[in-house]
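Q: Just need the whole structure built from these sequences, with the hints factored in.
Chains A and B, in that order, give the protein sequences. The first sequence begins at 607 in my numbering and counts up one residue at a time. The second sequence begins at 8 in my numbering and counts up one residue at a time.
Hints in this document: simulated from the structure, not taken from any laboratory. All of these numbers come straight from a predicted model, not from anything done at the bench. By construction, the Cβ of each residue, glycine as well, lies at the ideal position given by its N, Cα and C atoms. Not one of these hints is a red herring.
If you anchor each label on the Cβ, the simulated ranges turn out as follows:
1) Ala623/A with Ser161/B: 46 to 54 Å
2) Thr651/A with Leu24/B: 23 to 31 Å
3) Gly41/B with Glu639/A: 35 to 43 Å
4) Gly90/B with Leu646/A: 38 to 46 Å
5) Leu93/B with Met656/A: 33 to 41 Å
6) Glu639/A with Leu93/B: 46 to 54 Å
7) Gln642/A with Ser161/B: 51 to 59 Å
8) Gln642/A with Gly90/B: 47 to 55 Å
9) Gly19/B with Thr628/A: 27 to 35 Å
10) Leu646/A with Gly147/B: 35 to 43 Å
11) Glu14/B with Leu646/A: 21 to 29 Å
12) Met656/A with Lys167/B: 45 to 53 Å
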Amino acid sequence: MPLEAFHMNNMRLPGFAYHEPTRLEELLSIKQELKQDCLLLAGGTDLLPMLKTSQPNCSSRFSTSKGFPG
Amino acid sequence: MKKKLTELHVNGEVHSLAVKPNDTLLEALREHLGLVGTKEGCSVGECGACTVLVNGRAVLSCLTLALDAAGMEITTIEGVSQGETLDPIQQAFVDHGAVQCGFCTPGMILTAKELLTEQKKPSVAQIKESVSGNFCRCTGYTKIVEAIEVASKSIEHRAKS
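A: This is how it looks when you write it as structure tokens:
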């Protein structure tokens, strides 16, 4: 990670809406509505540093980290 | 950004608080609950200073959303001692000079706690591997590894007596 990325922001996550679908159909429905404007969060150990350092233009996130039965 | 009411179970207490979706567990602990024993180091999951236990597993609180930790059992360094009595790992760190500036210590101790819960008699290699995700820039790791080794013996001794 380039050093300047550390200095360019204060290492906070950008704002986003948080969805917790509990069924696959629900996830697909939200995803269809938001199209590209969403990211899937699984563990987050790659996604969160990327968001902190590069802050992609994306206003919504899903959380599936607690898992759901499909 | 809409805040969400959530319940965090920290050190045996339930806290109801309103967090933003982008609040990390680290920010919730330090800024909402005032538990500043958990340290913010690199913020990107490299240094291990922000390590806490979530359901007994060592996790990086800087890379965990507060909302994702809702309802789980969270242990921070503030919850490790039994009142005024230090945990054997904390006592060993004190006795063996494993603390210098102290910034990495909470993360080190919680990582060691996970290790010693799962592995009663870890080898030196296992101890080194377990703290490999926790950076110490003061002392080097010799005293830290020694302290964890002594703590494992002390816990074993207590269990027998």
